[in-house]
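Those protein sequences? They're chains A and B, same order as listed. For the first sequence, position 55 (counting from the first letter as 1) is numbered 55 according to our numbering, and the numbering increases by one without interruption. For the second sequence, position 299 (counting from the first letter as 1) is numbered 299 according to our numbering, and the numbering increases by one without interruption.
If you're looking for bench data, these hints aren't it; they were derived computationally from the structure. Please note that the accuracy of each hint is not assured.
[Said to hold, decoys possible] Distance condition first, Cα-Cα at most 35 Å in a straight line; then the derived DSBU-like pairs of lysine-lysine:
{"hint": "1", "chain 1": "B", "residue 1": "Lys147", "chain 2": "A", "residue 2": "Lys84"}
{"hint": "2", "chain 1": "B", "residue 1": "Lys272", "chain 2": "A", "residue 2": "Lys40"}
{"hint": "3", "chain 1": "B", "residue 1": "Lys238", "chain 2": "A", "residue 2": "Lys147"}
{"hint": "4", "chain 1": "B", "residue 1": "Lys208", "chain 2": "A", "residue 2": "Lys131"}
{"hint": "5", "chain 1": "B", "residue 1": "Lys333", "chain 2": "A", "residue 2": "Lys272"}
{"hint": "6", "chain 1": "A", "residue 1": "Lys238", "chain 2": "B", "residue 2": "Lys62"}
{"hint": "7", "chain 1": "A", "residue 1": "Lys147", "chain 2": "B", "residue 2": "Lys84"}
{"hint": "8", "chain 1": "B", "residue 1": "Lys131", "chain 2": "A", "residue 2": "Lys208"}
{"hint": "9", "chain 1": "B", "residue 1": "Lys238", "chain 2": "A", "residue 2": "Lys333"}
{"hint": "10", "chain 1": "B", "residue 1": "Lys208", "chain 2": "A", "residue 2": "Lys208"}
2 protein chains.
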Amino acid sequence: MSGLTPSANSDSGRTVISVDAMGGDRGPAAVVAGISLSAKKNPDIAFILHGPEAKLRRLVAKRRNLEGRVEYRDMPDVVSMDDKPTQVMRNGKDTSMWSAIDSVRNGEAAACVSCGNTGALMMLSVVRLRKLPGVNRPAIAVLWPSKSPQGFNIMLDVGADIRADEQDLLQYALMGASYARNGMELVRPRVGLLNVGTEEFKGRAELKAAHDLVAQNAENANFEFVGFVEGTDLPGNKADVIVTDGFTGNVAIKTGEGTASLIGSLLREAFKFSPLSRLAAVMAYTSLNRLNKRIDPRRVNGGVFLGLNGTVVKSHGSSDATGVSAAVKLAFKLGQSGFSERLAARVASAVSLPQDDATSASDENE
Amino acid sequence: MSGLTPSANSDSGRTVISVDAMGGDRGPAAVVAGISLSAKKNPDIAFILHGPEAKLRRLVAKRRNLEGRVEYRDMPDVVSMDDKPTQVMRNGKDTSMWSAIDSVRNGEAAACVSCGNTGALMMLSVVRLRKLPGVNRPAIAVLWPSKSPQGFNIMLDVGADIRADEQDLLQYALMGASYARNGMELVRPRVGLLNVGTEEFKGRAELKAAHDLVAQNAENANFEFVGFVEGTDLPGNKADVIVTDGFTGNVAIKTGEGTASLIGSLLREAFKFSPLSRLAAVMAYTSLNRLNKRIDPRRVNGGVFLGLNGTVVKSHGSSDATGVSAAVKLAFKLGQSGFSERLAARVASAVSLPQDDATSASDENE
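Only chain A is shown next, with the shape it has when bound in the complex:
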């Protein structure tokens, strides 16, 4: 508990976000620049920063707007991208990642943000925070640019687990809808179940079972079930929340990322082709910039771990200040809304067996 800056703790009325300063590709400077950005925009936020304290203090000292808003937890060790999650479990007690999660565990912070190793972060989060009562499999939810009015859709799971039966998929639907309400202010989110479209091959058995189960819970859990959706609907305007197993979700999100990146580099090539096209590119700069902002993965940054006693936001490994700030914003929003408590109530009230009647009321203000 070293480095306590008196005005930075929860007595200030600020929402405290626990930030793992280490483990990202760009090091602690990018993280500190990111929280500085957040602090500039949001007067109600404070931070606990985990990592080598002396180094972090030097970085923070350069940012005037962080004065009095940062506490430190001096942690000598770092989880690297190559560390195996099981190793981290065994030997990681002195890492900034472990400590960052524990600040949520012991109630010092409302949510945690890390740019580090996803597998290790997930495993540590599950072990240290534990699953919410009634949750079988925690999930990772991501935001994806889309044609929906809010500009992006939520997809889950994208890699926390590779198998999902119908009960898991129901829980993902409930958790995703809850996230959409608390993180994106969608009062009655549209939830779709990812499947293939061809008539004769209407997907897997667990998907048919999940379809019925999710449909049965929609009314009670206050979301609109739009039924099966296809890959094209992930960036579309048919559903706000797209539910799938972790394997399929991971492949889909990475195919989308790859495709966007391919188009980006082809676009740059195209504009370099001739002097005229280069001039056009200069003139189109604001337009292209506008497009860039809209699909910039840094701005929809932050996979959220759902189904745990506490909120953990995974920022992209290569996050710069903008990326870190976006993840912090999301963590703040979810932390402030008491998201994980609401989610717990939601999951507990679900109709988990198809033959059950919907008996539980949904009067908690979720």
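Knowing the structure of chain A, use the given hints to seat chain B on it.
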């Protein structure tokens, strides 16, 4: 066998492509315009056109370059996009689709092209052409724009079937490599197995088994196995052939399509924003057009059904002349190379059991 134009049959030395003129979203006019485009570019091609003959003759009469290169099969019925494959199986004998496949079955044509209902086309193809000896599950392979030198990658399966065990995945690898050699002239294609990347969740059991099996067959089957790849590699330059089950493949390809379409419409919006950006758009026209050509799905049009006694190319339902022509070009290339015979030999020579030794020689000139 009505409507035989004397000079259009195989005696002319031309490669005959069987074309289903009906069932696409844009009707027979787009199909005739497409084969006319192909005929213009390729003197060695001739067609059998399936559909209502009088109507087709009127459309063909408008295209001088099709004179003497088209035979007709007068078929009154059409498979619509909503028809269930099983219905088509029962009552579809007089449809243009059935007839188009049968022209390959009875050796009149080297390959078949249809823009119609994918499920029905697949089922009819499997039943009428039958699976190649040794093939468990036929697959649909598609081309996807990529950073690879040839400009696109092959992915299979994308919807023919939803489950695939390790033996199926091995066959997909063999068929995909064979397709890359015969359809894209890649002497030694790079083959990757689609998986998720996170350390701790290294995919499904069948994927681990498939990894070993494919690795074991790479040398013998003359491809380079690059191991596991991720969704980002589908539009990337790590593998030319990406192997996965039909469910995952279908979701991936549609997510990619959706993402490309989202970026396209955002790009158009961005350029409409101000008078300056509109002017820039005009100046950038050639550049953007160049980009468009590169990622235009019409130009990489054509899912190919692999593993049957005969080549069937599925063109996009909304294909226009350019799209149909691209599919015909692919059918011509595969038909001419005796692709399905080579593929049969390749599958037959595979080492199908991990404990077997690689005994079969690979001296057929595939």
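May I ask which of the numbered hints given earlier this structure violates, with the numbers listed in increasing order?
When the structure is compared with the hints, numbers 6 and 9 turn out to be violated.
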